Every structure is written in C-alpha cells, then in structure tokens.
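*Asks:* For reference, the chains in residue letters:
2 protein chains.
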Amino acid sequence: MAEPPHRKPTSFDVARLAGVSRSAVSRAFTPGANIAPETREKVTKAAKKLGYRVNNLARGLQQSHSGIVGLVASRLDTPLRSRQVRLLSEALIRAGFQPMLLTAEQPDDVAGLIDMLLGYSVAGMIITSDTPPRALIEDCGRLQLPVVLINRAGVSDWGDRVVADIDAGGTLALDILQKAGAGRFGCLMPVKETWSVTGRANAFVEAVQGLGRTCRCIQADDQAYGDARRAVVEAGRERMSQIEGLFCSTDLMAFGALDGLRIDLGLRVPQDIQVVGFDDIEQAAWGAYDLTTIRQDLEEQTALAMRLLRERMADMEVPNRTCDQKLAPVFRGTTRPV
Amino acid sequence: MAEPPHRKPTSFDVARLAGVSRSAVSRAFTPGANIAPETREKVTKAAKKLGYRVNNLARGLQQSHSGIVGLVASRLDTPLRSRQVRLLSEALIRAGFQPMLLTAEQPDDVAGLIDMLLGYSVAGMIITSDTPPRALIEDCGRLQLPVVLINRAGVSDWGDRVVADIDAGGTLALDILQKAGAGRFGCLMPVKETWSVTGRANAFVEAVQGLGRTCRCIQADDQAYGDARRAVVEAGRERMSQIEGLFCSTDLMAFGALDGLRIDLGLRVPQDIQVVGFDDIEQAAWGAYDLTTIRQDLEEQTALAMRLLRERMADMEVPNRTCDQKLAPVFRGTTRPV
DNA sequence: TTGAAAGCGCTAACAA
DNA sequence: TTGTTAGCGCTTTCAA
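Line order of the protein sequences matches chains A and B. So the first sequence is numbered by my numbering: it starts at 65 and just counts up by one. So the second sequence is numbered by my numbering: it starts at 65 and just counts up by one.
In case anyone wonders, no lab produced these hints; they're calculated from the structure. None of the hints are false.
Only some residues are given here: those of chain A computed to face chain B with a beta carbon under 10 Å:
(1) N119
(2) G131
(3) A137
(4) R139
(5) R147
(6) V149
(7) R150
(8) I157
(9) G160
(10) T167
(11) D179
(12) A288
(13) D328
(14) W350
(15) G351
Quantities reported herein were computed from a predicted structural model and do not represent experimental measurements. Glycine residues also receive a C-beta, built at the ideal position from the N, C-alpha and C atoms.
Make a model of the complete structure from these sequences and hints.
*Replies:* Spelled out as structure tokens, the structure:
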C-alpha cells in the first residue's frame with residue numbers, strides 16, 4: 065500500500081519512475097500501440113505503484129472526442145424508459161464509452177443541456193426523449209456528431225434511427241382483439257402527440273376503419289397511469305361497455321384503464337371488455353394485471369442502437385439509416401383465450 | 065444562419081473576431097468574472113456568430129475538476145431507483161453539474177468503472193448502488209473526492225450519507241400492523257443482505273421480539289417481484305394464513321406477496337392477512353394493489369444529498385455527516401381501517 | 001521501438 | 001479592466 069499521494073501523479077511521474085519517456089507511458093495505455101512488451105510491463109508496474117490513471121480530459125482534448133456519449137431521456141422514472149436507459153448505459157459502458165445522462169422534460173431544457181454536452185466533445189448521442197428539439201439535432205448534423213434516435217421519426221434529416229413499426233403495431237393490436245372475438249373497438253391514447261405513442265394509436269384507428277368500422281377514441285391528458293384511469297372513468301360505464309376490444313397505446317395506460325374499468329366502473333375484463341397494451345413492461349406480467357400486450361424487444365433495440373452508433377462513428381459518410389425492431393404479441397389474461 | 069464551420073471555433077477565433085484577447089473571451093464565459101459589460105457583450109456576439117462554445121474538457125483540465133459528478137446506481141430499471149436517479153440527475157443538472165451514469169450490478173464491475181470516472185476528474189460522486197465496494201470509496205477518500213452515499217451505512221470511513229432510519233422504519237411498520245389489529249407477525253425479506261432492505265426487516269423482527277412475540281420470517285431469493293411471489297407461494301397457504309400482519313421490506317416485494325397471497329394461495333387481503341410495504345413507489349397507489357406502506361420522501365432525500373455534496377465541495381475538512389430523512393406511514397387498502 | 005518537441009483549448013497569475 | 005504568459009496532462013508527429 066503506497067502512502068497517500070497528495071498531488072495526482074501524471075504521466076511524467078510514471079515516466080521518471082519507470083525510466084522511460086512520457087510518450088512511452090502514453091503508448092503503454094493505448095491499446096494496440098507500438099511498444100515493446102517489457103516496456104509496457106515496466107510502465108504498468110510504475111503506474112500501479114504511483115496510483116496513476118490516464119486523465120481522460122487531457123486525452124479527450126488531444127483526440128477528437130472524449131469517449132463520452134450523451135444519453136438523453138425524458139420520463140426516466142417510467143418503467144419502459146428506465147429499462148431502456150439501463151440497457152443502453154450498460155451497453156455503452158461495455159463498449160468503452162461513458163454515458164452522460166441528460167434528463168429533461170421540456171424541449172427548451174434539452175436545448176441548453178445539449179449545448180453543455182457538446183462542450184464535452186461527446187463522441188455521440190443516443191436520444192430516447194419524447195420530443196427532441198429538431199434544432200438541436202440539426203446542430204449535431206452540422207458538427208458531424210453521430211446521433212441515434214429511438215422511436216422518433218421525421219424529426220430532422222440528421223440521425224440514425226431505431227423504431228418499432230407503428231403501422232404493424234396498430235394492425236397487430238387489432239388482430240389480437242379480433243381473433244379474441246371483439247367486434248366493437250376503442251382506443252385509449254394521450255392528447256399530446258408523440259411519434260410512437262400516438263402514432264400506433266392512430267394506426268390502430270385506421271386499421272379499424274379499414275374494416276369499415278368506427279373506433280371510439282378516448283383521450284387522456286397525458287401518458288401516466290392516473291391520466292388513463294381518469295379518462296376511462298370520465299368516459300363512463302355506458303360508453304366503455306359499448307367497447308368490446310380496447311387498445312391502450314402503452315402498458316402504463318392500460319393499467320390505468322384496467323383499474324378504471326374494474327374498480328371504478330365495475331366492468332369485468334376480459335368478459336365485458338378486452339384490453340391490449342403496448343410495450344410489455346415488467347408490470348404487464350404481474351398477477352394483478354396479467355396484461356395481453358405487444359412486446360418491444362428492448363435488448364434488440366439496444367443492440368441495434370449500438371450498431372448504428374458504431375457504424376456511424378466508423379464512417380460519417382454513410383447515409384442515414386432506420387432500423388426496424390421486431391414486435392411480438394404476448395397473450396395473457398386481459399383477452400379471452402382463442 | 066452561419067455557414068457550416070468545419071473546424072470547431074476556439075476562443076482564439078472568437079477573440080480575433082471580437083477584437084479582444086483570449087482571456088477576455090474566457091472571462092466572458094465565466095460567471096462573476098471581472099469584465100466590462102460591453103466587452104462581454106462584444107464577445108458573446110462574436111461567439112454566437114461563430115457558433116462557439118467553451119470546451120469543457122480544456123476547462124476541466126485547467127481547473128481542479130470537470131463539473132462532472134458520477135452517479136452510481138444498480139437496478140436502475142426498478143421503480144424506486146429510477147425515480148431516485150431522475151431526481152438526482154435533474155438536481156445535479158440544475159446545480160450546473162453533469163451527471164455521468166454508472167450502472168453496475170456487481171461490485172467488481174463498479175470498481176473498474178469508478179476507475180474510469182476518476183479519469184474524468186469528477187467533482188464528486190453520488191452512490192445509490194446496493195453494494196458499493198468499500199475499497200473504491202476509500203480510494204475517493206484518498207483523493208479527497210466528495211462522496212454521498214444514499215441508504216448505505218458503515219461501508220467505510222469516508223463519505224457523507226443520507227439514510228432512512230431503519231429502526232424507525234421497522235418500528236413504524238409494526239405500529240401500523242398492531243393498530244390495525246394484527247397480533248401474529250411475519251416478515252418477508254431477501255436473503256441477500258443489504259444495509260437498508262434487510263436492515264429494516266431485521267428492525268421489524270426485533271421490534272416484534274421486543275413485544276415478547278416471535279416473527280415468522282420468509283426469505284426470498286432476491287428483491288424482485290417474482291422472488292417475493294415465489295417465496296410466499298413456497299411458504300404455502302397454511303403457514304401464510306397463520307400470519308395476521310406481514311411486513312414486506314420493499315413495495316416491490318409487497319406486490320409479489322400480494323399476488324402470491326391472493327391469486328396463488330387464495331387468501332384475502334386485508335381480511336385474512338394484512339400487508340405493509342416500504343418505499344411508497346408510484347405503483348403502491350395503483351388500484352390493483354392499493355398498498356399500505358411507509359414513505360421515503362425522495363424529494364427530501366435528493367435535496368439532502370445535494371446539500372451534503374455542496375457543503376463537502378466547499379470544505380473538504382468538514383467531518384463526515386449523516387442526514388436522516390423523514391419516514392411517514394401511508395394508509396391504504398392492504399390494512400384494515402383503524 | 002523509442003524520445004524530443006509541438007500542440008490540443010482553456011484559465012489564472014501577473015503586469016500594465 | 002485588460003492583455004501577456006505560462007502551464008493543465010496528454011497524444012502525436014518526426015527523427016533517431
């Protein structure tokens with residue numbers, strides 16, 4: 065155990081102790097550098113003795129980027145988002161990057177924060193925010209900074225994307241409800257527009273209309289559990305009981321709907337009304353809800369995002385790409401068995 | 065709209081355009097620096113025109129720290145943790161820091177990651193990980209790096225702490241169950257030790273023993289919903305129905321217990337058995353669970369953590385401190401009304 | 001394979 | 001209040 069150093073040791077100190085130059089120290093800590101194994105050995109030993117570690121700030125200053133990747137997320141305390149962030153941050157770390165977390169709800173906040181981020185010469189950005197400000201993304205384009213957007217489309221010209229096919233999602237939901245025997249359809253969605261969440265709800269409505277039927281839409285103030293429950297309760301027992309198959313545009317909203325239907329309105333699910341959600345978050349499998357839903361494969365989503373990021377870093381000239389992730393139905397207790 | 069700059073502008077470019085020195089530019093971007101308002105004005109204008117922003121890497125290299133604060137968290141995809149991380153990260157950003165997120169489950173991972181973090185000259189660290197490796201924290205102590213630990217005690221000499229009083233928590237849980245009329249008590253806890261989670265369970269058990277009664281302990285493999293549900297089911301209807309008041313050491317485990325009791329074992333809550341959780345996460349208020357629990361005030365927790373961090377930054381000589389956060393009972397439907 | 005020297009972009013001490 | 005100067009700790013040509 066070395067005595068507590070008061071000043072942090074620099075590559076210079078290590079070089080002196082190891083009897084080599086500072087360049088040698090630098091090379092010893094650069095994977096794949098041209099350096100004799102024994103020199104590297106000497107340096108590593110001296111470094112350990114001194115408690116030296118490379119200063120990433122100085123390194124980033126010298127190289128073009130810092131190894132930091134911005135991770136922009138809104139509603140982080142939501143089950144889907146927190147799982148996404150966990151998976152992404154673990155994947156980034158595994159790939160040798162450092163995720164810098166930006167949690168912001170308002171597009172205005174985001175703008176200022178990204179500005180901060182750019183000051184750190186980030187190597188790239190992954191955005192799962194609800195509404196990333198387009199100006200910001202265009203800024204990244206101007207700086208030739210890799211950006212991966214998750215479940216957001218059409219925001220700007222710049223940026224690669226991983227998306228769940230919203231049309232397929234809407235159709236799949238209808239399919240599930242139809243096969244389960246529902247004939248009159250309803251859709252619960254938030255008023256506030258969001259590409260993915262309102263997008264799939266609209267796709268569902270259109271799919272229903274494609275059948276020559278009409279879809280009863282119930283609008284919630286926002287995407288939270290409470291918003292959904294309130295919306296269902298306000299729609300009232302009468303209106304709700306005319307719906308046989310209800311598609312909720314997120315699982316979270318489906319839970320609110322289920323509690324509203326069962327507890328507040330006294331309807332039985334799936335006997336009186338069948339419910340399908342979207343996302344397959346962990347809670348959907350919990351016994352009290354046991355929700356039939358459509359699964360977004362987050363592991364696959366993460367892997368795709370990382371691939372896009374890496375390919376873009378390797379070659380900035382590659383045209384913008386969009387990857388589709390798989391969607392799969394998960395049958396549980398809120399629809400009748402077929 | 066300026067033409068796309070290919071090389072990022074530096075303070076030198078701004079200085080030239082504004083007709084001032086580079087120091088003037090630096091001062092213009094340093095809050096509270098000695099600079100004439102009109103000079104600052106000139107600089108800001110030139111900077112905007114060029115699309116200049118301060119390079120935080122270079123700034124951090126010069127100053128003693130980088131403005132980055134490490135945020136270490138495990139089980140980020142868990143409701144309590146994700147809310148903590150959201151609040152902390154927002155508070156950090158508001159205070160002008162940048163949270164760098166470290167998600168790691170194994171103490172071994174953490175060690176390597178912190179090493180990385182230290183390479184960024186972080187200004188401090190906030191740790192809400194389940195089991196922060198003590199060696200690591202002592203490293204921070206050696207480097208005189210501010211560390212705030214949340215709900216972890218006794219890990220090491222170094223570091224300030226925000227904790228929920230585990231003894232008070234255990235006693236409070238017993239109190240609630242007793243007043244609700246329960247006479248025979250049980251406690252559901254994870255086998256794997258954790259200061260806060262197993263700590264309050266033990267406190268509950270001791271409080272029960274203090275009454276001269278014995279407490280039936282049910283051990284789950286871990287802290288997840290599924291672990292809790294399985295544990296209850298394996299304990300069996302017979303054993304469970306001998307318990308009148310069950311304390312679950314987290315809300316998440318309480319949900320698993322509730323579903324196990326009601327769905328798998330066919331017991332009624334609160335008629336046959338009453339249940340109390342801990343944390344008051346969002347889901348506890350959901351209709352299907354409507355869980356009586358003990359609330360950790362996360363807003364207060366965040367505020368305390370930030371205060372400790374800032375005070376420590378201001379004065380490294382201050383002795384280590386521990387702040388207690390308030391605990392409050394929340395009465396809902398899994399206990400009988402008093 | 002190695003070392004010397006020249007920056008990366010910024011701030012801080014000093015002098016004007 | 002401003003400009004000059006000297007680094008912060010590292011990587012990276014370029015010679016040797």
